[in-house]
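Listed in order, the protein sequences are those of chains A and B. Letter by letter, the first sequence follows residues 1 to 642 in the numbering used here. Letter by letter, the second sequence follows residues 1 to 107 in the numbering used here.
It is worth saying that the hints were derived from the structure and are not from the lab. Treat the numbers as computed from the prediction; the structure is a model and nothing was measured. Each residue gets a CB set at the ideal place from its N, CA and C atoms; glycine is no exception. Any given hint could turn out to be false.
Heads up, simulated SDA-like pairs for lysine to any residue below, C-alpha to C-alpha not over 25 angstroms straight-line [what the hints assert, rightly or not]:
| # | chain 1 | residue 1 | chain 2 | residue 2 |
| --- | --- | --- | --- | --- |
| 1 | B | K33 | A | S617 |
| 2 | B | K104 | A | S613 |
| 3 | B | K104 | A | Q612 |
| 4 | A | K610 | B | D98 |
| 5 | B | K95 | A | S617 |
| 6 | A | K610 | B | L30 |
| 7 | B | K33 | A | R609 |
Reference excerpt, derived from the structure (chain B facing chain A, CB under 8 angstroms, subset only) [said to hold, decoys possible]:
| # | residue |
| --- | --- |
| 8 | V29 |
| 9 | L30 |
| 10 | S96 |
| 11 | E100 |
| 12 | F102 |
| 13 | L105 |
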Amino acid sequence: MGKDLLLLTLISLPLIGAAINGVFGKRMPKFFVGTLATLMVFTSFLLGLTLFRGLDKTTIVHLFQVAKFDDFTLDANFQLDSLSIWMTLIITGIGSLIHLFSMGYMSHDEGYHKFFTYLNLFIFSMLLLVLGSNYFVLFFGWEGVGICSYLLIGFHYNDAEKGIANSLAARKAFIMNRIGDVGLLFALFMMLNKFHTLEFVEIGKMITASPELYTGIACAITLCLFLAATGKSAQIPLFTWLPDAMAGPTPVSALIHAATMVTAGIYLIVRSNFLFELAPTTKDIILVIGIATTVVAAFIAMRQNDIKKVLAYSTVSQLGLMFVALGMGAYTVALFHVTTHAFFKALLFLGSGSVIHAMSDEQDIRKMGGLSKLTPITHITFLIGTLAIAGFPFLSGFFSKDEILAHAWMSSPVIYGFLMIAVTMTAIYMFRLYFLVFHGSFRGGEKLKSHVHESGLSMTIPLMVLAVLSVFGGILNLPGIVFHNAGHWMSHFLESTTYGLNQIETEHMDGNQSIILMCIASVVALSVMTWAYITYVKKQAVAKEDADMNAWEKLSSNKLYIDELYQTIFVQPILWLSTTLASQFEQRVLNNGIFRLTSAIEASGNYTRKWQSGFLSSYLFWMVMGIIGFISYYIIKSTFWN
Amino acid sequence: MEQLNNIGASLDFYIFVSIALFSIGAIGVLTRKNMIVLLMCIELMLNAVNLLLVTFSTFFGNGEAQIFVFFIIVVAAAEATIGLSILIMAYRNSKSIDIEMFNKLNG
Chain A
1 MGKDLLLLTL ISLPLIGAAI NGVFGKRMPK FFVGTLATLM VFTSFLLGLT LFRGLDKTTI
61 VHLFQVAKFD DFTLDANFQL DSLSIWMTLI ITGIGSLIHL FSMGYMSHDE GYHKFFTYLN
121 LFIFSMLLLV LGSNYFVLFF GWEGVGICSY LLIGFHYNDA EKGIANSLAA RKAFIMNRIG
181 DVGLLFALFM MLNKFHTLEF VEIGKMITAS PELYTGIACA ITLCLFLAAT GKSAQIPLFT
241 WLPDAMAGPT PVSALIHAAT MVTAGIYLIV RSNFLFELAP TTKDIILVIG IATTVVAAFI
301 AMRQNDIKKV LAYSTVSQLG LMFVALGMGA YTVALFHVTT HAFFKALLFL GSGSVIHAMS
361 DEQDIRKMGG LSKLTPITHI TFLIGTLAIA GFPFLSGFFS KDEILAHAWM SSPVIYGFLM
421 IAVTMTAIYM FRLYFLVFHG SFRGGEKLKS HVHESGLSMT IPLMVLAVLS VFGGILNLPG
481 IVFHNAGHWM SHFLESTTYG LNQIETEHMD GNQSIILMCI ASVVALSVMT WAYITYVKKQ
541 AVAKEDADMN AWEKLSSNKL YIDELYQTIF VQPILWLSTT LASQFEQRVL NNGIFRLTSA
601 IEASGNYTRK WQSGFLSSYL FWMVMGIIGF ISYYIIKSTF WN
Chain B
1 MEQLNNIGAS LDFYIFVSIA LFSIGAIGVL TRKNMIVLLM CIELMLNAVN LLLVTFSTFF
61 GNGEAQIFVF FIIVVAAAEA TIGLSILIMA YRNSKSIDIE MFNKLNG
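Modelling step: build the complete structure from the supplied sequences, incorporating the hints.
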């Protein structure tokens, strides 16, 4: 098969899976539905591997023309280069593991086929997003993943207890994403206006040819693109939807709200690197927003008591870290963290899913504890995930964070300081979560304890695979100081055929300084680990009840009151406006006006219907009179006016 | 213009006769209450039209209009049949053929 055909098969397989499951899934046995969906994504992954091995240059596949206008066309084109194939491998690879996990996790659910339909549809949309060769296809996928995210957050919309909360969370995510999407649309319009094309490579070539022509518009476009990225990737100010999105089933949180969809914003910025390189102002804004997000989210995560909320804020914080890297122009470094983060955050979320499954849907860590003996595989894999995200030496998260920290140190010690605060807090809340869940004594009561069990193979296999990836994922992009030949393999790979990246010289800090930074990071991770061990295991500290908290703990556990702030500033005024309009404008103006009109029409009808008397001769009389009238009119007209 | 002579100066006469016939029919329809008379008046109006058609057909020497007359006669016959059957049904229901009795379809 040629590359074109392989690529198109790769994209369409999940769509076919979604179509089959969507139409026939209800009548098919559960095992078949799950296997079909998993195999579709896994086959896509294998095809992706084939393409990855054969990748030598940027290939653009033209599928069909969507619309043609006077000065531009919209095409369904797909682009094969190192960036798109790398994202494809992450999406389909992690995606097939999470599909496998879902087969076990969702096995008791009524909407089994619906779940896999949405999941496959999500993979398809995500592939459109990363493989499209222009902003039009990207936008299509962007909206596709948005709708899948909405459907999956509100998946249990008819749940007796949490149904309404789930629907509200879904709605919140949807609306916040729409705000970002407005930015993307405006960016698209501006690009069409200025460049008359939406193709990445063509825009890139125009800019490379004469950068000075486009500096002004690039700033506007990149700001709009960044607004879109803050929506999708949950950055300040549009980040509050992501923690609420945890209302969805846990595999969804792992796949969509940790590993893949939320990194779409980062992909968008890396893809548009040629534009961002022209707009230093935007890059500074990204840097500031990234730092603020990573610190704020890490702070909130420290005193959350819902196992998934901790991970959600951790995701926001890690995404902020990636945006810091983007703001410093270190695109490949951000993508390296995207990759390792996909490994360990998917692992952590699936681990938390396994815990929740074992705990009969209990998510409060105050009711857990001592699960290490009851669920051994989940415990070990969760520990690996925790170590990886906390930056334990030589695990994947250590290397990817270290790259970002090194770049921060090169730009400014202040940035480095802020990031170190965030990194320390990351280690604190992750170890707190780990020790509270898996160590100490079980706090959920004897009845619940008797139900706790290790999950089945379809759930533990993905955990083990992801644990291995979390440990060794750092090998992809080892720092050059230690491994001269193998160093920065991933950066070089991404730079090889991605347009724009090959022209940006990514500085790598290869010297004694980098060793010192690594040592500092290791010391921080290890000391936090020791501190957490002493606090939560030796001293048996448990999560405090709300009443016992001091000021900063309250601030953290109430999410800095940001939700309340948004509620007061945006939601309440709009609600007030609509209720006022409903009670005043509608009642008084519309109702009165419309009722006047209808009663007038009714009265006129009442009057005129009396004309229909039922007497034939009177009808005939008026008919004849009418005819006579017409004839007389024409006779008079032709007599006097001719 | 040769055929013009066949009917000659009496064309006016024919037109007057048919207008008179039509008017008698129309006034009858408007004023009489008996439904049988109503039907007869309608026939009168139709025949006035027929007469006019035949007159002009002869006047212009064009036979096509006379074909129409036959159609009208056939339609008039059918209409009379249906009208009379409706009339009989109406009589059976209300024991009357007065048109004023049938004013139930009012607003």
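Subject >> 25 angstroms Cα cutoff - pair B:K104, A:Q612 >> reply: This hinted pair holds, its Cα atoms lying about 10 angstroms apart.
Original post:
Straight-line Cα separation of A:K610 and B:D98 no greater than 25 angstroms?
Top reply: holds, 22 angstroms
Subject >> Restraint status (C-alpha distance of B:K33 to A:S617 at most 25 angstroms) >> reply: Status holds; Cα separation ~8 angstroms.
Original post:
Is B:K95 within 25 angstroms of A:S617, Cα to Cα?
Top reply: holds, 20 angstroms
Original post:
Given the hint that B:K33 pairs with A:R609, does the C-alpha gap stay at or below 25 angstroms?
Top reply: holds, 24 angstroms
**OP:** Report holds or violated for the interface hint on B:L30, using the least CB-CB distance to chain A and a cut-off of 8 angstroms.
**Re:** Cβ of B:L30 sits 5 angstroms from chain A, so the hint holds.
Subject >> A:K610 paired with B:L30 [C-alpha distance capped at 25 angstroms] >> reply: Holds, because 20 angstroms separates the two Cα atoms, which is no more than 25 angstroms.
Subject >> Hint validity - B:E100 Cβ closer than 8 angstroms to any chain A Cβ >> reply: holds, 7 angstroms
Original post:
Holds or violated: is the Cβ of B:L105 closer than 8 angstroms to a Cβ in chain A?
Top reply: Where the cut-off is 8 angstroms and the nearest Cβ of chain A is about 5 angstroms from B:L105, the hint holds.
Original post:
Any CB of chain A closer than 8 angstroms to the CB of B:F102?
Top reply: Constraint on B:F102 satisfied, holds at 7 angstroms.
Subject >> Hint check: 8 angstroms Cβ-Cβ cutoff, B:V29 to chain A >> reply: holds, 6 angstroms
**OP:** Would you check the hint for B:K104 and A:S613, treating anything up to 25 angstroms between C-alpha atoms as holding?
**Re:** Roughly 9 angstroms separates the two Cα atoms, so the pair holds.
Checked against the numbered hints above, the structure violates only hint 10.
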